[in-house]
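Use the sequences and the hints to build the structure in full.
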Amino acid sequence: MSFDKTNLDFSTLVASIAHDMKNSLGLILNSSDTIHTLCDTVPEVQPHIKQLQFESRRLNNDFIQLLTLYRIENKQYFTDLSEHSIVDCLEEVVLQNIDFLALNNINIFYECSDELMGFFDQNLVLGVLNTVVNNTYRYAKSSVAMRAFNDGHCLILEVSDDGQGYPSNILNTATIELPPLNSMKGHTGLGLHFAEIVAGLHKNGDCQGGVTLTNNDTGGACFQLRLPK
Amino acid sequence: MSLWSLEGKSILVVDDYAEMRSMLRHMLHSFGADNISSVSTGEDAIKKIAETAFDIILCDYNLGDGKDGQEVLEEIKFRDLLPYSSIFIMVTAEISSLKVMGALEHQPDEYLSKPVNRSLMQARIHKVEEKKRKLGALADALAVKNYTQAIALCQYHIDNGAKNRQELLKLQCDLLIQERMLDQATDVCQSVLQDRPIQWAMFALGKVHFQRQEYTEAKAQFTSVIQTNEAFVGAYDWLAESYRQTNDPSTAQSTLETALQWSSKSVTRLRSLAEVAEENGDLKTAEMAWEKTVKTGKNSIQSRPTDFTQLAKAQLSNGKNKEALKTVERLKFSASSNPEGKVIAAIALEGIQKNLGNTTAAEAAAQDAFLLYKKCENSVSHDVALETASSCLARGAIAEAADIVNAVAHNFHDNPNVLSKINKLYETAGIEHNSADMIAEIKQQMITINKQGVTLLEAGDFRASAGVFEKALDLAPQNTFLNVNTAHAHIMLMRQSGLTEESLTTSRHCLDLVKSDTKLGERYRMLDQAYWGLVNKQSSRNV
Numbered sequence: 008m009s010f011d012k013t014n015l016d017f018s019t020l021v022a023s024i025a026h027d028m029k030n031s032l033g034l035i036l037n038s039s040d041t042i043h044t045l046c047d048t049v050p051e052v053q054p055h056i057k058q059l060q061f062e063s064r065r066l067n068n069d070f071i072q073l074l075t076l077y078r079i080e081n082k083q084y085f086t087d088l089s090e091h092s093i094v095d096c097l098e099e100v101v102l103q104n105i106d107f108l109a110l111n112n113i114n115i116f117y118e119c120s121d122e123l124m125g126f127f128d129q130n131l132v133l134g135v136l137n138t139v140v141n142n143t144y145r146y147a148k149s150s151v152a153m154r155a156f157n158d159g160h161c162l163i164l165e166v167s168d169d170g171q172g173y174p175s176n177i178l179n180t181a182t183i184e185l186p187p188l189n190s191m192k193g194h195t196g197l198g199l200h201f202a203e204i205v206a207g208l209h210k211n212g213d214c215q216g217g218v219t220l221t222n223n224d225t226g227g228a229c230f231q232l233r234l235p236k
Numbered sequence: 078m079s080l081w082s083l084e085g086k087s088i089l090v091v092d093d094y095a096e097m098r099s100m101l102r103h104m105l106h107s108f109g110a111d112n113i114s115s116v117s118t119g120e121d122a123i124k125k126i127a128e129t130a131f132d133i134i135l136c137d138y139n140l141g142d143g144k145d146g147q148e149v150l151e152e153i154k155f156r157d158l159l160p161y162s163s164i165f166i167m168v169t170a171e172i173s174s175l176k177v178m179g180a181l182e183h184q185p186d187e188y189l190s191k192p193v194n195r196s197l198m199q200a201r202i203h204k205v206e207e208k209k210r211k212l213g214a215l216a217d218a219l220a221v222k223n224y225t226q227a228i229a230l231c232q233y234h235i236d237n238g239a240k241n242r243q244e245l246l247k248l249q250c251d252l253l254i255q256e257r258m259l260d261q262a263t264d265v266c267q268s269v270l271q272d273r274p275i276q277w278a279m280f281a282l283g284k285v286h287f288q289r290q291e292y293t294e295a296k297a298q299f300t301s302v303i304q305t306n307e308a309f310v311g312a313y314d315w316l317a318e319s320y321r322q323t324n325d326p327s328t329a330q331s332t333l334e335t336a337l338q339w340s341s342k343s344v345t346r347l348r349s350l351a352e353v354a355e356e357n358g359d360l361k362t363a364e365m366a367w368e369k370t371v372k373t374g375k376n377s378i379q380s381r382p383t384d385f386t387q388l389a390k391a392q393l394s395n396g397k398n399k400e401a402l403k404t405v406e407r408l409k410f411s412a413s414s415n416p417e418g419k420v421i422a423a424i425a426l427e428g429i430q431k432n433l434g435n436t437t438a439a440e441a442a443a444q445d446a447f448l449l450y451k452k453c454e455n456s457v458s459h460d461v462a463l464e465t466a467s468s469c470l471a472r473g474a475i476a477e478a479a480d481i482v483n484a485v486a487h488n489f490h491d492n493p494n495v496l497s498k499i500n501k502l503y504e505t506a507g508i509e510h511n512s513a514d515m516i517a518e519i520k521q522q523m524i525t526i527n528k529q530g531v532t533l534l535e536a537g538d539f540r541a542s543a544g545v546f547e548k549a550l551d552l553a554p555q556n557t558f559l560n561v562n563t564a565h566a567h568i569m570l571m572r573q574s575g576l577t578e579e580s581l582t583t584s585r586h587c588l589d590l591v592k593s594d595t596k597l598g599e600r601y602r603m604l605d606q607a608y609w610g611l612v613n614k615q616s617s618r619n620v
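Going down the list, the protein sequences come from chains A and B.
Numbering follows this note's numbering, in which position 171 of the first sequence is assigned residue number 178; successive positions increment by one, without gaps.
Numbering follows this note's numbering, in which position 538 of the second sequence is assigned residue number 615; successive positions increment by one, without gaps.
In case anyone wonders, no lab produced these hints; they're calculated from the structure.
Cβ atoms here follow ideal geometry from the backbone N, Cα and C, with glycine treated the same way.
There may be inaccurate statements among the hints.
[To be verified] Calculated pairs, DSSO-like style, for lysine-lysine (alpha carbon to alpha carbon, straight line, at most 27 Å): (1) A:Lys236 x B:Lys125; (2) A:Lys236 x B:Lys247; (3) A:Lys236 x B:Lys342; (4) B:Lys342 x A:Lys82; (5) B:Lys342 x A:Lys210; (6) A:Lys210 x B:Lys208.
[Said to hold, decoys possible] Cβ pair distances, simulated, as ranges: (7) A:Asn81 x B:Thr436: 21 to 27 Å; (8) A:Gln53 x B:His103: 19 to 25 Å; (9) A:Asn114 x B:Asp264: 58 to 64 Å; (10) A:Cys214 x B:Ala220: 51 to 57 Å; (11) A:Pro54 x B:His103: 58 to 64 Å.
Dropping the structure here:
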């Protein structure tokens with residue numbers, strides 16, 4: 008296996024930039040939390056705080072995804088497949104997002120059997136779920152539900168909201184190629200692309216991972232990440 | 078979770094950004110923490126941890142120019158400063174690259190990703206606390222090094238549906254290998270591997286084969302691990318060592334070179350490459366590898382003064398005289414608080430000056446070496462002592478050499494390796510010496526002391542017995558035989574009349590000196606367990 012030295016140097020540079028940017032983002036988010044606490048009686052400030060939080064978190068998620076995709080592309084990412092408790096994972100995603108979603112009065116909860124275990128790269132899967140949940144901030148009316156279950160063939164991790172649902176042109180057409188920019192109205196499709204790549208990295212025998220986008224009975228969006236058992 | 082609080086827990090925050098430190102402190106306060114220390118460098122963190130045990134350590138991976146979070150973790154684990162009950166959380170901008178690069182040997186209890194989310198921090202800490210609490214008896218067994226009990230408890234928890242089954246199986250397997258219970262270790266690995274090609278199990282199986290000297294099977298396992306995960310650096314290390322054991326240093330070298338492309342930060346790996354390159358006669362690679370070993374070892378507990386001297390030797394072989402002299406200067410600087418390192422530096426300088434034909438400078442360095450040796454003669458390693466003796470013989474200081482040799486013989490009277498080194502010393506210098514008589518006399522002395530001490534021990538007069546052995550230790554402070562007997566006597570004394578500061582310190586000091594003597598492995602383990610048993614009985618009484 009050949010390894011480009013310039014790649015390695017750039018990689019070290021990227022790592023140190025990541026450290027620096029993450030520190031900054033952390034301090035930004037922390038400051039906005041503080042402002043929120045200090046100004047909770049000032050209604051005019053609220054929408055700005057929410058914007059600050061949402062955009063900082065989106066920035067962070069985009070950065071993580073970009074970095075991971077870069078590493079995967081340059082064969083510098085090594086999937087760490089191991090056994091994890093699904094309840095622990097769902098709980099983690101909820102914790103990451105619960106306070107933030109509450110700013111828009113959105114409630115989040117999860118449903119999953121205590122014993123359910125999965126075999127996957129936790130870092131990647133949490134990255135996907137976190138981004139999906141973070142984005143529900145814009146679309147959910149009042150609640151976001153996370154579910155996990157075995158459907159006989161695969162492990163399904165699902166995030167659904169009670170908003171307007173996905174636009175028809177992206178339903179069930181999730182592919183590895185990015186959909187054209189203008190069809191996504193302000194989204195670059197990075198999140199979806201990342202989710203597809205992550206699913207693709209998980210394979211056990213014949214079963215390959217995948218992503219499905221549907222709208223549920225009440226019209227809200229339903230994102231499903233399928234992973235081999 | 079509303080009743081959960083960090084009140085009363087001692088916490089250490091390690092981060093090089095002041096704002097991050099204050100942010101983390103603030104978060105911890107909000108969880109009820111009232112005992113938070115914070116430091117900005119890895120070095121300060123280690124110092125503080127050596128002084129007090131912390132319940133929770135939050136450590137950033139990136140810590141500026143000095144040691145990083147992983148190096149801090151490695152050092153405190155190496156020096157046994159982190160009890161199982163302590164929680165070590167690594168705060169990092171990037172989790173994925175950390176888990177894979179660097180040492181898989183030491184993992185923190187948990188990772189926390191930046192930006193740090195308050196709810197997540199709470200959940201992580203709580204999760205680890207719960208896990209360690211549930212494994213309470215297991216933690217206690219590990220703390221007193223009762224590994225047989227620990228192995229049994231792992232099994233108990235696994236059988237009773239513990240959620241972290243994989244983690245427990247891995248721990249159990251590692252303990253079984255450590256205790257050389259290789260058949261059981263094999264069983265654990267094979268049962269895990271039944272369902273899936275799990276990397277840690279294949280790796281462990283490889284280690285088992287290696288311990289059994291079944292190098293073909295070992296190579297096969299390590300190769301499988303690498304095929305599953307190209308960046309599992311530990312597998313390359315062991316694969317290289319397997320090739321070395323089967324006299325194929327050339328393949329060992331290319332294996333190590335590949336491993337270093339994935340993770341170049343390991344001092345031990347770089348050192349192995351340097352040694353193997355020398356075996357292969359590849360002096361250019363050897364010099365480069367020694368240079369990297371020295372450079373990378375700058376902040377690491379794994380660094381050794383001999384890395385510098387080997388580099389200097391390699392530089393000389395490659396005709397780089399000026400660089401070789403510079404290297405010795407670098408060693409002097411790095412050994413400023415290490416007396417043995419200074420001796421090594423002076424001896425290396427003598428060698429180089431001789432090589433360059435600078436006889437006056439060589440003489441000066443040799444005299445330097447002797448004076449520096451005298452300053453630390455009781456704690457210096459036998460190799461360094463003998464090298465100093467050799468240097469004395471070379472400049473005709475026969476009496477000084479004899480004194481050193483005498484001291485070494487006292488310390489290692491029953492170690493044939495060392496005794497033969499003494500003989501070789503005089504042989505190489507072409508000087509007549511009858512070490513046989515001297516050694517026989519010392520052996521007789523030891524037999525007498527042993528008889529005296531053991532008689533008193535058997536008669537139950539532990540204090541007098543300890544006295545006999547300790548008096549002999551004055552002459553031979555590093556003698557493992559005397560040290561183990563001293564420890565034994567003090568432990569029996571404590572069992573009989575209770576713990577004392579003196580007995581505790583003495584027995585601990587003696588046991589630490591015996592630790593590396595494989596001949597005394599059984600006795601060491603027994604006495605070490607007895608020591609911890611006494612300590613823990615005392616602390617549980619205090620609680």
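Going through the earlier hints one by one, which of them does the structure break, listed in rising order? Of the numbered hints, 1, 3, 5, 6, 7, 9, 10, 11 do not hold.
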